[in-house]
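Chemist: Sequence:
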Amino acid sequence: MKLTYAMTLLVSFIFASDQIPGPPQDHPIIFTGATIHTVSHGVLENAEILFDGGKIISVGHNLSAMYKIEKIDATGKHIFPGLISAGSTLGLQEIGAVRATRDYAEVGRINPNVRANVSYNPDSELIPISRSNGILLALSVPRSGRISGTSSLMMLDGWTWEDATLKHPVGLHLFWPSMKVPKKDKEKEDKTEKDSRLKSIQKIDDLIQESRAYLKLKESGSSSYKHDLRLEGMLPILTGEIPVFIHANEVQQIEAAVYWADRQNLEMVLVGGKDSWRTTTLLKEREIPVIYTQTHSTPMRRFENYDQAFTTPFQLYAAGVKFCISNSESTFQTPHI
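Be aware that the sequence shown starts at 3, since it is given in the numbering used here, and climbs by one per residue.
Don't read these hints as lab results, they were simulated from the structure. Don't take each hint at face value.
[As the list claims (entries may be wrong)] Here are the simulated lysine-lysine pairs, DSSO-like style, with alpha carbons at most 30 angstroms apart:
| # | residue 1 | residue 2 |
| --- | --- | --- |
| 1 | K169 | K228 |
| 2 | K182 | K286 |
| 3 | K205 | K182 |
| 4 | K205 | K220 |
| 5 | K228 | K205 |
| 6 | K169 | K324 |
| 7 | K201 | K218 |
| 8 | K182 | K324 |
| 9 | K169 | K286 |
Whenever a hint applies, use it, and build me the whole structure from the sequences.
Modeler: Dropping the structure here:
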């Protein structure tokens with residue numbers, strides 16, 4: 003009886019385990035006969051791809067004749083580059099209705115010291131689903147308040163958050179306040195909204211000014227310098243180590259954010275960009291890349307085409323604006339980029 007209980011317990015541990023990361027590659031492997039979709043050289047038919055040490059060593063034809071190593075026949079199969087989810091809460095959220103599983107939000111409106119990677123859960127049940135759809139990397143982004151913290155580029159194959167972290171920090175995330183034009187029949191309400199918006203921007207300006215003063219004090223080696231985690235989180239954007247990712251969709255938001263980044267001499271990446279098709283000239287002139295997250299959204303205005311969300315990426319491409327397509331910043335849409 004004791005043996006039965008012991009075996010039952012052992013089997014339950016096996017089936018309760020999460021997806022186990024793959025072991026390090028210990029010998030070279032060639033896939034042959036595949037249709038390979040490359041990043042810079044188009045589609046290669048009946049081609050071969052060589053892996054060694056967990057990395058792609060070579061892509062082309064007749065590689066198997068050059069290397070006497072293990073071959074895997076991939077005839078009739080398509081091989082694509084691994085996809086990157088350019089902004090989600092994957093690993094930071096498990097069940098939306100359960101607060102204990104939502105690690106993407108912190109208390110307060112200004113949290114530049116927050117790091118996404120330390121809260122990343124490598125045992126999330128959503129990670130294998132994303133990997134099965136070709137998502138190999140994800141930019142995990144904290145989301146709360148005006149400044150939510152720094153994002154981390156995570157590999158979706160790792161035992162711990164340290165093991166899964168490919169790069170940190172990637173960017174500091176700022177959610178720009180709404181810049182909607184006031185309506186005449188709501189003057190009092192609009193004045194309140196305008197004052198609130200100006201106060202929000204002023205708080206950001208004050209934080210930037212305080213952070214610059216803190217950086218000078220730190221570099222001077224002054225005895226009055228005291229370590230401040232919140233201000234330390236601002237330093238990477240001031241030194242140019244990382245850009246500031248500004249989340250904005252309305253045309254007024256985008257323009258205000260761009261001019262603000264110029265005034266503060268900060269490198270900027272636009273996230274969201276629903277109205278980016280209306281600001282392509284500005285984005286091109288300032289060389290601001292866009293992470294477009296609105297392909298599954300409806301038009302913002304009645305006069306816009308029904309397919310505006312789908313044509314915006316082409317308009318960005320035609321204007322010469324660097325961009326990528328991401329999901330709508332939701333954990334559960336990550337596998338469906």
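Chemist: Give a verdict on every hint.
Modeler: Each hint tested on the structure:
1. K169 to K228: Cα-Cα ~27 angstroms, so holds.
2. K182 to K286: holds, 24 angstroms
3. K205 to K182: It holds: about 19 angstroms lies between the C-alpha atoms, which stays within 30 angstroms.
4. K205 to K220: Distance ~22 angstroms between K205 and K220 Cα, so the pair holds.
5. K228 to K205: holds, 22 angstroms
6. K169 to K324: Distance ~21 angstroms between K169 and K324 Cα, so the pair holds.
7. K201 to K218: Between K201 and K218 the Cα gap is close to 26 angstroms, so the pair holds against 30 angstroms.
8. K182 to K324: Holds. K182 to K324 sits at ~26 angstroms (cutoff 30 angstroms).
9. K169 to K286: holds, 27 angstroms
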